[in-house]
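All chains, full assembly: derive it from the sequences and hints.
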Amino acid sequence: MAESIPAHDAHAHPAHHPHAEPSFWSKYVFSTDHKMIAMQYMFTGMAMALIGGFMAYAFRMQLAFPGIDVPGYGTVTAGDYNALVTNHGTIMIFWVAMPVLIAAFGNFLIPLMIGCDDMVFPKINRLSYQIFLLSAVVLIVSFFVPGGGFGGAWTAYPPLSAKGQYNLTSLGSSLWLVAVALEFVAFLLGGINFVTTAMNSRAPGMKVFDIPLVVWMIVVASILFMASVGPLIAGAIMLFMDQNIGTAFFDPDKGGDPVLWQHLFWFFGHPEVYVVLLPAMGITAEIICVFARKKMFAYKTFLYTTFGTGVLSFTVWAHHQFVAGIDPRMANIFTVTTLLISIPIAEMCFIYIATLYGASIRLTTPMLWALAFVAEFLIGGVTGIFLGASGADIYFHDTYFVLAHFHYTFFPIAIIGTFAGFTFWFPKMFGKMMNETLGKIHFWGTIIPFNFTFIPLFFLGAYGDHRRIYNYQHFPELAGEQYQDLRILATVSLLVMLSFQLVFFYNCFISWRKKEKDAGKNPWRANTLEWTAESPPPHGNWPELPKVYRGPYEYSVPGREQDFYPQNVPS
Amino acid sequence: MIENHVAALSTYAKDIDFVIWLIAVLVGGCFFVCEAIFFYFIVRFRAKEGVRAEYITGEEKRHKRWISYPHLLVLVFDVVILVFAVKVWYEVKQQLPAADATVRIVAQQWAWSFVHPGADRELGTADDIKTVDELHVEVGKVYHFQLEARDVLHSFSVPVFRLKQDAIPGRVITGWFEATGTGTHDIQCAEICGIGHGVMAARIVIETPEQHAAWVAEQSPIALAAAHQP
Amino acid sequence: MRPIATTRAAAGIPTGRLAVWWVVASEIVIFGGLLVSYIMHRIANPDWGYQAAYTNVWLGGFNTFVLLTSSLSAVLGHKAAVAGDGPRAAKMLYATCLGAVTFIAVKAFEWTAEITHGYTITSSTFWSFYYTAAGLHALHVIAGAVIMLFVAATAKRNLELHRVELIGIYWHFVDIVWIFLFPLLYIAK
Ligand code: HEA
Ligand code: HEA
Ligand code: CUA
Ligand SMILES: [Cu+2]
Chain C
22 MAESIPAHDA
32 HAHPAHHPHA
42 EPSFWSKYVF
52 STDHKMIAMQ
62 YMFTGMAMAL
72 IGGFMAYAFR
82 MQLAFPGIDV
92 PGYGTVTAGD
102 YNALVTNHGT
112 IMIFWVAMPV
122 LIAAFGNFLI
132 PLMIGCDDMV
142 FPKINRLSYQ
152 IFLLSAVVLI
162 VSFFVPGGGF
172 GGAWTAYPPL
182 SAKGQYNLTS
192 LGSSLWLVAV
202 ALEFVAFLLG
212 GINFVTTAMN
222 SRAPGMKVFD
232 IPLVVWMIVV
242 ASILFMASVG
252 PLIAGAIMLF
262 MDQNIGTAFF
272 DPDKGGDPVL
282 WQHLFWFFGH
292 PEVYVVLLPA
302 MGITAEIICV
312 FARKKMFAYK
322 TFLYTTFGTG
332 VLSFTVWAHH
342 QFVAGIDPRM
352 ANIFTVTTLL
362 ISIPIAEMCF
372 IYIATLYGAS
382 IRLTTPMLWA
392 LAFVAEFLIG
402 GVTGIFLGAS
412 GADIYFHDTY
422 FVLAHFHYTF
432 FPIAIIGTFA
442 GFTFWFPKMF
452 GKMMNETLGK
462 IHFWGTIIPF
472 NFTFIPLFFL
482 GAYGDHRRIY
492 NYQHFPELAG
502 EQYQDLRILA
512 TVSLLVMLSF
522 QLVFFYNCFI
532 SWRKKEKDAG
542 KNPWRANTLE
552 WTAESPPPHG
562 NWPELPKVYR
572 GPYEYSVPGR
582 EQDFYPQNVP
592 S
Chain G
7 MIENHVAALS
17 TYAKDIDFVI
27 WLIAVLVGGC
37 FFVCEAIFFY
47 FIVRFRAKEG
57 VRAEYITGEE
67 KRHKRWISYP
77 HLLVLVFDVV
87 ILVFAVKVWY
97 EVKQQLPAAD
107 ATVRIVAQQW
117 AWSFVHPGAD
127 RELGTADDIK
137 TVDELHVEVG
147 KVYHFQLEAR
157 DVLHSFSVPV
167 FRLKQDAIPG
177 RVITGWFEAT
187 GTGTHDIQCA
197 EICGIGHGVM
207 AARIVIETPE
217 QHAAWVAEQS
227 PIALAAAHQP
Chain D
360 MRPIATTRAA
370 AGIPTGRLAV
380 WWVVASEIVI
390 FGGLLVSYIM
400 HRIANPDWGY
410 QAAYTNVWLG
420 GFNTFVLLTS
430 SLSAVLGHKA
440 AVAGDGPRAA
450 KMLYATCLGA
460 VTFIAVKAFE
470 WTAEITHGYT
480 ITSSTFWSFY
490 YTAAGLHALH
500 VIAGAVIMLF
510 VAATAKRNLE
520 LHRVELIGIY
530 WHFVDIVWIF
540 LFPLLYIAK
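Chains as they are written, first to last, in my numbering: chain C, 22 to 592; chain G, 7 to 236; chain D, 360 to 548.
Watch out, some of these pointers could steer you wrong.
[As the list claims (entries may be wrong)] The list that follows gives simulated cross-link-like pairs (lysine-lysine, DSS-like), each with its CA atoms no further than 25 Å apart:
| hint | chain 1 | residue 1 | chain 2 | residue 2 |
| --- | --- | --- | --- | --- |
| 1 | C | K568 | C | K461 |
| 2 | D | K466 | D | K515 |
| 3 | G | K70 | C | K321 |
| 4 | G | K67 | C | K321 |
| 5 | G | K93 | G | K147 |
| 6 | G | K93 | C | K228 |
| 7 | G | K20 | G | K67 |
| 8 | C | K538 | C | K48 |
| 9 | G | K147 | G | K136 |
| 10 | C | K536 | C | K48 |
| 11 | C | K461 | C | K538 |
| 12 | G | K20 | G | K147 |
| 13 | C | K461 | G | K54 |
| 14 | D | K515 | C | K144 |
| 15 | D | K515 | D | K438 |
| 16 | C | K535 | C | K461 |
| 17 | C | K48 | C | K542 |
| 18 | G | K67 | C | K228 |
[Said to hold, decoys possible] Computed list of chain G residues with no C-beta within reach of chain C, every gap over 10 Å:
| hint | residue |
| --- | --- |
| 19 | E60 |
| 20 | D126 |
| 21 | D134 |
| 22 | G146 |
| 23 | T186 |
Calculated directly from the structure, the hints in this document are not laboratory data. All figures in this text were calculated on a predicted structure; none of them were measured in a lab. C-beta atoms are modelled at their ideal positions from N, C-alpha and C, and glycine is treated no differently.
Now the structure itself:
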């Protein structure tokens, strides 16, 4: 009925409104164009990834060569170590995985893939980035305040995180908490924008099952985020007041309960891992279909399993707390749900593999990244089962086995998945192709050291290395030569991996500097709508907004001489 | 796999290792099959001149079979894993065999203090033996432990026992273990608890009845007091 | 100038309303988390009942009444907006704001009384929850009222009338949150 209200249907103006050449500020800094905001998120995320990577470098050096003064950092004291690890984890998840996979790709792809000219709330979109940027600044400031950065782990369990007398970084912890809270606000605003846009602004003719999977995944992820983050926001408010005005929500001495925080945190924390998983899954699906020239195998099933994963992910949180002092009977319930969640995710993996059957595969750089994602994620996934089995988790909890498990999920998602998407859509973003040879060098130079970095950590975990220890020499049984060699192997591989990132940046740079825009509209001969726009797409994306006639994965349709069938071509 | 590097010295250590081994076999099996097929497809279906990809929607039954049958297998494996995992969990965390002795374990930033029952095997009596960073237990006896934390969360972890339990301030958490072999081994704190977390190590000394009796005799506060008489 | 995206409604719900529903949804889980935590604690320690005895049921009840009436005026405002009568819609919104102001005033009075009697946010976990939950809600009331003033200002000139409905939806939500808070914090003894 609101349509009947005059103000509502008064905007039937053409997409490309003539406007004066915008100034630098309004074009790059205060732009409301979804593509520019996507770039802002992308490059902020990239910068944070480098900071997070640098932190990993610093503390891995300390682990491999205890006590040396790390080139570019200096000696890593116990306090520094905790702060480095904590902020490494926080940054990589909240300031790399989230902004790049959800905000950057979401902003860039959703309007282009569903065929409209922008997000439904461009100003809110800009606001969301500005809050995000502020949160990043607050976090970075928190390293340098008196007392140093917060060192109570990214899970911030109270009472340690709640009381300055315990963590010795009262200011750092509060700033850390504020930064995380701001980041949540930014993504709530962003998420509302994404979901509303995808639901309402689809091109005429685009039915729900014609929406490309990556859009679906980002939308489902945003919904998961919105539905799970609330309790943690409440928790953050409580923790902040415990820290600063002396309430006792989590303080057992005054009738509070520290375990309550763990529930609030993991009720969000577990869905969160799928929040970052799903977009990466979507990116992979797009790329595999394009370079396999295949229709996605069982598109609908894939979608339903996603919903299944989403629902299940709210029921497994306490598998992080098996030995945390919860009622032992509860553990059994959570073991069941945790093992169950392997079902939908196994389904997704099987679907990827099935999609490759009878394909015509071209191993371009994006395709290599996408395939690597599947191959490596499987390792992370199956090792999750060891942890989900309550009995086995008594031993594995808080060892490097857990650590290796989640790096084998997070790294494929946040780094491999990102590189896949970035190399795949680079031509659309900048109108220029990246250099394939350099791309492949960077790929192998990242994948091989990655495995040599984290496979040893599985073994170290199984041998009893526990987490967040700055120097194992204090534990007679862990100080042994053979273990130290494994730690050194991991660190050296990391150094190799980091150095190969230079190839990536060099490749970005030269491709971006190229004179001629050699990408054209549709370099990969793909179906989805973004490839029908100019590269890079102008403000407003299309002179005439496209119509949609079919699903996104109609490749190698029998009886057409072309092996692709764009969504906007009338049948 | 694990006992080659970390001795299995409690009654349930072997069972936990078995669950781990079982999962490794089942899930590992699935994993290698998946990867094998995956890479076979990548090699087998590389783009060739004039060969077009097939058009498979995957919506028909005869195609979906190929993912739904393996899928049932995964479900079956899940159930098997579940059964054994819960069995061990029950053994370690949900039941409490009758105790031969009880020790109190107090964690604080950043040290472990232990209260041994002493000769009378009773806590809270005059001959209790208090130690720091060193826990003495007798092989083959069922011990209950009462785990407490003074300040923040800590976690009492004994790798050779495959035992781990968080300590929570304001609560006393009871658990049990029975050592099956003698020796001196690490006790870790497995929950971050501040700067000193990395040095919060202790040792567990598992002794034969004779050794233990001797240790109790010499440590017992009464004996020590007597020794100090002029 | 609005992007065309904003004018589409593939889901059949106007964009603005859809968005507000999502806002409300994500707010519900925030209060949900807080209240569930409170209820868990409450079940765990029954003695909180005695402390809750010091909350002022009458003022709480009066505030409930105030919020409910203000919701009514919000509804009337929406009616007027649909009818295209901007000025009247604006009047209704101002009435709603008046409700908000009364609510906050009563709260301020209530809190000063309690604090002067020594029940501060740090006295006990019950009072911590009491002030946190009610405070967070009060912030929502204030925010809502402020936004409402802006909406009213445009509505008065017959512009953006659909916003009257949107702020209304939000206001009902704020109202309903209180409907949960009131029994939990005041009545349960
Ligand atoms: C995106 C990241 C991500 C993803 C996708 C996952 C996926 C899973 N995780 Fe993981 N996890 C983390 C990130 C992630 N996790 C993080 C960050 C932590 C540590 C937090 C901290 O403490 O700091 C953690 C910790 C963690 C724990 C707690 C460990 C502990 O602290 O004691 C557990 C326990 O159950 C667990 C289980 C699982 C399971 C069962 C899955 C499942 O979703 C995996 C399902 C996938 C598969 C199973 C593979 C595909 C299936 C097949 C190949 C068929 C064969 C399989 C069978 C026969 C079962 N994870
Ligand atoms: C997304 C998540 C993520 C990622 C990617 C990583 C990446 C890495 N992590 Fe991290 N890590 C965590 C999440 C992550 N980590 C978390 C949550 C914890 C727990 C914290 C805690 O205990 O509190 C942790 C803890 C942790 C530890 C445990 C410390 C301890 O417990 O004592 C270690 C130890 O080796 C480690 C190592 C590494 C290494 C070597 C990498 C390397 O892979 C890093 C290499 C980095 C790069 C290769 C950067 C490349 C990226 C670019 C060049 C930009 C590309 C961007 C665009 C194209 C837009 N990590
Ligand atoms: Cu005590 Cu870590
Ligand atoms: Cu989890």
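**Study point:** Unsatisfied constraints (hint numbers, rising)
**Key:** 1, 2, 6, 7 and 19
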